[in-house]
Each structure stands twice: as C-alpha cells, then as structure tokens.
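Work out the full structure: start from the sequences and follow the hints.
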Amino acid sequence: MDRLALRDDLSFDRFHPPRLSRFWVWATRPLRRAIARWQHRVDRLELTGADHLTAILKRGGSVLIAANHADRADGFTLIAIGEAVGRPFHMLAAHQLLVGEFGARRWLFSRLGVVPVDREGDALPSLRASIDLLKRGEPLVVFPEGEIYSMSDRLTPPREGLAGLALMARRSGGVQDLSILPLAMKHQYRTDENPLPELLHRMERLERFFTWTHDGTGSLLERIHRYALAMLALKEIELFGAPKQGQVVERVQALRDTLLQTVESRWNDSQPPPRQSDADKSESVPERVARLRRAIRQRLNDPAWITAQGGFEAVQARARVDRERLFVALQAFSYPGDYVFQHPSLERIAETLIKFEQDVIGTQHVVPPGRRIARARFGEPIDLGALLEQHGHPRGRAAVALVTRLVHESLQNTLDAIGPGPLVTQTAQSMRT
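Mapping of the sequence shown onto UniProt numbering: position 168 corresponds to residue 168, and the numbering continues sequentially without gaps.
Calculated directly from the structure, the hints in this document are not laboratory data. Misleading hints may appear alongside valid ones.
[Unchecked claim] Computed cross-link-like contacts, SDA-like style, restricted to lysine to any residue with a CA-CA straight-line distance of at most 20 Å:
no. : residue 1 : residue 2
1   : Lys135    : Arg59
2   : Lys135    : Pro125
3   : Lys235    : Lys135
4   : Lys235    : Phe209
[Claimed, not checked] Derived CB-CB ranges, DEER-like:
no. : residue 1 : residue 2 : range
5   : Thr363    : Gly311    : 30 to 40 Å
6   : Gly100    : Asp338    : 31 to 41 Å
7   : Arg19     : Thr217    : 55 to 65 Å
8   : Gly385    : Phe312    : 45 to 55 Å
9   : His393    : Glu204    : 22 to 32 Å
10  : Arg226    : Arg136    : 45 to 55 Å
11  : Glu222    : His391    : 15 to 25 Å
12  : Gly121    : His391    : 44 to 54 Å
Each residue gets a CB set at the ideal place from its N, CA and C atoms; glycine is no exception.
Printed below as a string of structure tokens:
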C-alpha cells in the first residue's frame, strides 16, 4: 500500500488498454536499473524456478502469475524477471499508479505492460483485457494481497480477485490450459555490508521526532516496541480521548474496529456481504476496507442521498475524513504484533522502521538502509483444470474460496523456501550510532 492515503478520489475516466512494447522495455532498461539501484538499493537479481514458467509457455498454456507484494521495488524486479526469462509480463495495478505527469505515466506504464484496474469501481474492462491476454498466452501478474504491507516473509490474507479472474477466464471458453504460478519475491540485504548502524541512526531520528532522547539503554527491538506503543497510544487519544489498557493485539483490533464501524455507520453500510460457502469465515480487514471504499463511491453518485445528508460539500468533506480513517485501519493491519519479534532479521527490522518513517514523519519514498539482492522464486504451478476436477468441479463461491486458499498456501510455501534473512544479535542491536 502507499503509506500516504490512497487517492480514491482520482477519477477513472476511461480504461486505457496495455500496449506492451519490447522496444520500450529495452529502451527504459538504463533508467529502470538506475532507479532500482539508487532509490530501492537493489543491484542484483537471483532467480530460481524459472523452468516452471518456461515449461508452461513452451506447451502453449496460459499462465496467471500470483506474486507477493511487499516492497516498492517489486515492479522493477518483475520487469527484470521478464527480461531474464525472455518474455515480458503484463501486470495488474491500481489505476492511481498511472495518474500524473500530464499523461506521461499512463503512456509509459502502458508500454511496460501495466493493466490499470479500478479496484473500488467498475473492474469489468480490466477483467476483459486480462482474459484477452490469457487467451493470447501472455503471462499476467496479479498481486493477490492487493496492497503493500511491507512484510516480505509473511503473506497477508489474499483477496479473491485472482481466483475470480482465473475462473472467469476458464469459463470464457478460450482459456482451458490455465496454470496459476506462485512467484515469491524478497529483497534481502547483502552480507558484505552492514546496514545496522544506519537503522540505529533512523531509530534515533524517529525518537527525536517524538522529542525523545535515547539514553543508550535498551536494544533496538525494545526501542521499536516502545515506539509502536507510543504510536498506538496517540491514535487511541485521538479516537477515545485516552490510551487504552490491555494487550497490544486487542488494542489494535479495537482501534481498527472503531474506525471501520464509524465509517460503516456514516455511510449506511453496516452489513458485510453474505458468504454462502464460507459462512464461518469473517471478513478480513482489507476486504472490509475495500467494501467501504466502494460504498463511499456509490453514495457520492447518489444525488438523493447527498441531498438528504446536507449537500455535496458536506458529503465530500465527510468522504475525505472517512477515507483517511479507512487508510489508518489498513495501516494498523500492517503491524502484526509478532512479526519483528518472532524473527528479528535486518529485513524485518528495516521494513518496520521504514513504515514508522512513512506513517509518523510522512516520508513516502524512504530509501532502504543498504544495498539489497532481489531473490525471486517460482513455485510449483497449480493446474486450474486439474484442481477443479480433483475437488469435484465446485462452482461459485466454493470454487473461489478453494482457489484463493490454495494460492495462499502455495505462495507462502514459496516464500518460506527462499527463507528469512539472518537474525540480528542482541549485542549488535545495542550498538551506539
């Protein structure tokens, strides 16, 4: 996710189909490599499992690549992977990515294979374009998580869009041999450098932003924990008037629920959609946020409701506030309490501090603290036809739930196969800057 609130108010005036050009992929290579090296600190790609992809393409099959999305460098890495296998990819992305620079972003990203999608509006043109690409045998990348949560070792619950697209493509009649191919990407710090001093420096900078003075005591993990508690307490004061008591996980959940329930009540959208085949599974936070974003957009196109609520200006002001609340709920969701402490690697510590810089200081583009290697791995492909046959050809929501679950498991297993970065020792964490 962008750590600044998503511009839901940017209009999706009309769908612009992708115009992937091998020439422009080649022509932009020096610029892409420079941006990857200097802004994202990625200077090398290590790719394994590419034979899974080439085998599908050689037999003329269609492939839907399910990739995790934990880093802002992912787009550059995906294009580099396409170059490495000799087959550029198309990729689905939020339409906001293409807005700006007087149309130059849309023009260029279209030629790099980006398929824009209006996630909270009419996604049908994007779905049709995606199915057409699959019919033509073009590799298509989808990010099942839907947002960047900056957790490269742990996949967040995927949305159901990928499964829905795969099943629609199969039902269309033109895509019978369809495989879903998991692609795990991690950007890990090089072992010949030590970014820890820079991480400690950034921790001190964050503490100074809270007017704190570091007295030299406490490990980096202890300081991260204390800082996260302070961030949570500030939001609780804003919403509840005072910090709450209790376990951190329960407090974060209460914060999220309060934000989401407030938005639901203000836009008359308090009932989640029924789940026919999955009734015992509650709506995830990202699903709930996506539903509420759609509800806000629908209400903004309802003149009678706008008039009843006091007019367009009042409703627009409320929409701005509530979109920010939804964004904060997603921010809170991206901080699971055990992620750093379960395995305190350089990568997990850096991901957390970068989120702190973005969420507290407001720095959207934070340069990672050291040079990194992009490690990418294709997992075992999922043959969609064989999968459905094996489970008795489920239909509707049962089929969507099945495919979503197996994609989640397969992609997490592929991430685990890359492995986490090395642990940072307690002694190293206590270094002084």
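Hints versus structure:
1. For a cut-off of 20 Å, the pair hint linking Lys135 to Arg59 stands: about 14 Å separates their Cα positions.
2. The suggested pairing of Lys135 with Pro125 holds, with an alpha-carbon distance near 15 Å, which does not exceed 20 Å.
3. Between Lys235 and Lys135 the alpha-carbon distance is near 48 Å, which puts this suggested pair outside the 20 Å criterion.
4. For the proposed pair Lys235 and Phe209, the alpha carbon gap of about 16 Å is at most 20 Å, so the pair holds.
5. Look at Thr363 against Gly311: about 37 Å separates their beta carbons, and that is inside 30 to 40 Å.
6. Distance hint check: the CB atoms of Gly100 and Asp338 are about 37 Å apart, consistent with the given range 31 to 41 Å.
7. Take Arg19 and Thr217: their Cβ atoms lie about 58 Å apart, and the range 55 to 65 Å holds.
8. Between Gly385 and Phe312 the C-beta distance comes to about 50 Å, which sits within the given range of 45 to 55 Å.
9. The supplied range of 22 to 32 Å is broken by His393 and Glu204, whose beta-carbon atoms lie about 59 Å from each other.
10. Judged by the Cβ atoms, the range 45 to 55 Å given for Arg226 and Arg136 holds: they are separated by roughly 54 Å.
11. Here the CB-CB span from Glu222 to His391 is close to 48 Å, at odds with the stated 15 to 25 Å.
12. Distance hint check: the CB atoms of Gly121 and His391 are about 32 Å apart, inconsistent with the given range 44 to 54 Å.
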